[in-house]
Every structure is written in C-alpha cells, then in structure tokens.
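J.: Please model the entire structure based on the sequences and the hints provided.
Chain by chain, the residues:
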Amino acid sequence: MYADVRVSLPGERSSWLSLLRPRLVISVLVIAALFIWPLLFNEPFAYYVGTMLSLYSIGAVSVHLIIRTGHVSMCQAAFMGVASYSSVLAVMSLGLPWIIAALLGIVASVLLGIIVAPIFLRLAGKYFVLVTFLFGEIIRMVFVEWTSVTGGANGISNIPPPFEAVGSKFAYYYFALVIALCCIFMSARLLRSEIGQTLDAIREDERLAACSGIPVLRFKVIIFAIACALAGVEGVVQAHYVRYLEPQSFGVIASLNLVVMNVIGGMYSLVGPLLGAAFVGILPELLRQYVHLQHILFGVFLIVAMAALPGGLVEAASRMADLVKKTFRGRSNGRHA
Amino acid sequence: MAVMLEVRSLEKRFDGLRAVNELSFDVNEGEVLGIVGPNGAGKTTAINLISGTIAPTAGRVFYRGEDITGMAPHVLVQRGIVRTFQATTVYRTRTVFENVWRGAFLQNFPGFWSAFLSTKAAHERRAQCEIWVKEVLGWLNLTAVADLQAGSLPYGIQKTLGLAIAVAARPTLIMLDEPVAGLSAEESERVREAILNIKKRGITIITIDHNMRFMSGLCDRILVMHHGQELAIGAPREVLSNPAVVEAYLGKGYVAA
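As they're listed, the protein sequences go chains R and U. The first sequence begins at 0 in numbering that gives the first Met the number 0 and counts up one residue at a time. The second sequence begins at 0 in numbering that gives the first Met the number 0 and counts up one residue at a time.
Since the hints were derived computationally from the structure, they do not count as laboratory data. All C-beta atoms, glycine included, are put in the ideal place defined by N, C-alpha and C. Don't take every hint at face value.
Unchecked claim - Subject to a maximum C-alpha distance of 25 angstroms in a straight line, what follows is the list of computed DMTMM-like cross-link-like pairs (lysine to aspartate or glutamate):
| hint | chain 1 | residue 1 | chain 2 | residue 2 |
| --- | --- | --- | --- | --- |
| 1 | U | K198 | U | E237 |
| 2 | U | K133 | U | E188 |
| 3 | R | K325 | U | D146 |
| 4 | U | K199 | U | D219 |
| 5 | U | K199 | U | E134 |
| 6 | R | K324 | U | D146 |
| 7 | U | K199 | U | E30 |
| 8 | R | K168 | R | E42 |
| 9 | U | K198 | U | E134 |
| 10 | U | K133 | R | D204 |
| 11 | U | K199 | U | E5 |
| 12 | U | K133 | R | E203 |
Claimed, not checked - One side only, chain U facing chain R, incomplete, derived with CB under 7 angstroms:
| hint | residue |
| --- | --- |
| 13 | P72 |
| 14 | V76 |
| 15 | T88 |
| 16 | R101 |
| 17 | F115 |
T.: Listed below in structure tokens is the structure:
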C-alpha cells in the first residue's frame, strides 16, 4: 500500500471550492481594481504611470523567466530596443499597419535571442551576466551609430499611436493593461505547468537535471526566446506610447532596472517581479515633490528594501500572511478552549 | 549473458596527465560490475566518460552495439543509461516525492505545447507517472518519507533517494559513483539492499566504491583500476586474491572474506 502522498503537481485539477483560494481571490480583486479606478478618477498623469507600470511588468516578467533558469540577464532592454526600432521603422518607413509592424518587431527580437542564446547560456553565473551586459551595450551602440536608420543619439520622434482608438492616455492605459495581463497570464501558465517545474529542476541542480533526461540547453534557449518575445512586446507597445525612441532607453540602466524589479519583488515567484515593477515604477513618482533628492532617496529606499528583505516583497507579504493566519488560529483556538 | 556495454581503448588526458589510459572492458546484461582502485585511479573519470559528462580524448563506448561516445547525458538517459554522483545529489528543498518525480522527466513531460495547454494527454501522462513514482518509492522503501523535504533526511536516506531519482528514469543501465561513501554499516546495508532490489528488476549496474566488503558482497565481477588502466577483472574472490591487486591496492594485510 502506498502512503497518501499529497504533493501538488503541475496543472492539477481541483474542486470548485479551491476557486476560493486566497491568492486567486486577491488576483481577481487586484485585476478588478486595475480596470475600475480610471473610471473613477480623471487623472491623465495617473493613467500615464499606470500604463508604464503595465509595460514594466512585461519587461520584469521577461527577466523573471530567465532568472527561473538560473541566469540573470543584463540585456533584456536591448531586445526591447530591437523590437521597438523594428516596429517603429516598419510603421514610419514602410507604412505597415501597427499590428504587422509589432509582430515583425517581436519576431526580430526573438530571432536575435535564438541566435545568441545557445552561446550565452553555456556560460554560468558572473560570466553570463558580463556577456549579456556587453551584448546590451553593443546593441545600444548600434542604435547610436547606425544614424541613417535609427536617427542616432537624437532618436526617432513623432511616432504614431498603434490605432486611433488608443490615441488618448485613458484608452492606452486599458490597451497596455490587457496586453500586460495576457503576457502575465501566459507566463503564469508556463511556470505552473511541467515546463516551470522543469525550469526549477534545472536552476536547482543543472547536472542532476541533465542526468534525468532533461535537455537543459534546449529548455533554456526556448525560455530565453520567450523572454525575448515578452521584451519585444514591451518594446513595441512602449515605443508607440511614448512616441519617441532614443538609444539610451535601451541601455544597461534600463536592463538593470528590470533586474532590480525582480530582486526587490522576489526572484522565484511570478508575483515578485510584478510587485517589484509596482515598487520601482511608483516610488520615484511619490518622491517627485523632493526634486533635488529624488534619485538619492530612491536609491536609499532600494538599498533598505534589499537589505531588509533578502527574499523580496513576496517574502514580506508571505510573512504577513503567516502572521495573520497565526493570529486567526490563535483566536479561534482560544474560542474553542 | 549478452554484452550490454563495450568500452574500447578509452582515454582521457588532462594536459599531461592520463586520467584514463587505454581502458577496455565489457558489461553484461543484468550483472553488477564493481570498479575499485586507489584514489586517482581514474574510476570516476571512467564513469564521467561513459555517461557523457566529459568527452574522451580517444576510444569508443558502444551500448547494445550503438556508438554512444561523447553523447550528452540527457541523450544517454533516453537510451536507458543513467548515473548518480559521488556527492549526495538531491533537490534538497523539495520533497522526496518531487525529487523522484523530477527523475521521471521522460515519463512525466508531455511535450512543450501539451504541458502549456495542459491537454488531456498531459493529464493522463501525469496520472501514469504518479503511479510509477509511487512504485519506485515503494521499491526503495521511501514511501514513508515521501512528503518530507529531502534536505532534512539522514544522509543514508538521501543516498537511497539519489538511487530512486536515477531509477525513476526507467534505466537499463545505472552507474553509481560511491553509493555508500560516508555511510555507517547499517546505512550501507540499506543502500546495498536497495541496489540488489534494482538488480532484481533486470537493471544492469556499474558501481564504484572503496568499501571492499560492500563490493565483494554485491558485485558479480570487479574491475580493478590503477593509474587509469585495468589491473584485473573477474569474479570478486578471484580478483581480490590476485597478487597484483593486493600489491597495488589492497595491501598485504588484506584477507579476502
């Protein structure tokens, strides 16, 4: 006879009662709030911040997928740039509709990813970080130097919106939110499936994973390509929102920001980069009233958050949830006693 | 008995050092072949070469007639060749069940799209794999600790779990690198039973160890390596009384059991 082993397997079907899981309830409430608040407040600046948060989330999730394979990429903004420039040039020079141009941009980003990933992903730890850092800088230099196509350091301005319907900040907020939610949902599905479980095995012990039959490099390359696709999505949506492209937006600082979002939020749960994106996106806006100290204060907050919460905001949330559970249990035990 | 694995003139050089030098031997279907030798004799390197962990400088390895020299470890697993490692290698933060589940990757992974879309085929595969994992846990007496975290278990059980992860891949040939290193007599006995249990299921085994009592009680044949080469090969009693083996490895005070 076998013991009753209770282990959650990927994609396990559950009863309707399990729909009341706290995580799902919180997700539904957060999504509902994200859809409802713009209807209640007429704040174009808040719409702008909200749109950027949706876009940051896509980029942060892109880096998160690579982190789940055990690598920290310092060049995701470069892939974003490749998609942005490709899409904008396809719209402005070739006159293609945005949707086709956006797909071309994303494909360009993925193709570049597929070319470099098998080389980069053979490297481990600091070597991977260093190589991706240098690659990001090379791509940025291409944007700067290839003046005839990219406009060089001056960039490209007057980029049209994707469609007339999303021409306002209010409409673009919903446009970006829906795209971000699709990306997040697909990433969540990926990570909850056997694919996510395999990625965790690779990250935790690559040698053992290979000796269980897992084609480690192939898995990593596929995930890297998906991450490049997500970076591409952020790039094509952001370029037509900001309506201005410049190489600096796709440099190492932009890539580092996406990594910081993961570190602040928590590296090994999909919720982590989302919380991190919110933190990194909102905090500078809250500090705007202290213009002179804004960057210093932002840096101090980041250092304090990282030092105090090595597991990120996810860890803090989980500790609070445990505390609440214990308090409730204590009270109900007290009542029964 | 039919020959399962043929190792022919295998060689590995690390700069000037020949860790494995012109090594040739056969492994028969269903047997337990032990590899012994002093430290630095090239035992682990030989296993690394056969399992594709490192590429040989020269020589070939044939598995059931197919040349498998230099194939990647995950490809060899598809052929039915699996190995364990000298240091205890388990996913420490995962439960015993999850560890074995991961070992059964070829059984549980339904393909990229099927996994992503969580298709009916993926569900069926998952259900079948769950039965298989429970079966492996039962074989190796790990059912009682199935939902405990691997890192919290005693060293001996972690070693057995390492075996279970390997067995979960449904191998036909397992290579074990020092399965009882650092274990007490009682724990060694538990691992020996587990290995014999695996053998009973028709799985061929190559094992490395220094514990001669353990090896002579377990192996059908023993290969003694010295300076990367074969010093002797044969039945345990015959090999252990070989004067060259006594001189180079066992020492003159050794008395065969």
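J.: All hints, please: hold or fail.
T.: Status of each hint after checking the structure:
no., hint, in the structure
1, U:K198 / U:E237, "holds (22 angstroms)"
2, U:K133 / U:E188, "holds (23 angstroms)"
3, R:K325 / U:D146, "holds (23 angstroms)"
4, U:K199 / U:D219, "holds (13 angstroms)"
5, U:K199 / U:E134, "holds (15 angstroms)"
6, R:K324 / U:D146, "holds (23 angstroms)"
7, U:K199 / U:E30, "holds (10 angstroms)"
8, R:K168 / R:E42, "holds (10 angstroms)"
9, U:K198 / U:E134, "holds (16 angstroms)"
10, U:K133 / R:D204, "holds (23 angstroms)"
11, U:K199 / U:E5, "holds (22 angstroms)"
12, U:K133 / R:E203, "holds (23 angstroms)"
13, P72, "holds (4 angstroms)"
14, V76, "holds (4 angstroms)"
15, T88, "holds (5 angstroms)"
16, R101, "holds (5 angstroms)"
17, F115, "holds (6 angstroms)"
Going through the hint list in order, the structure satisfies each hint without exception.
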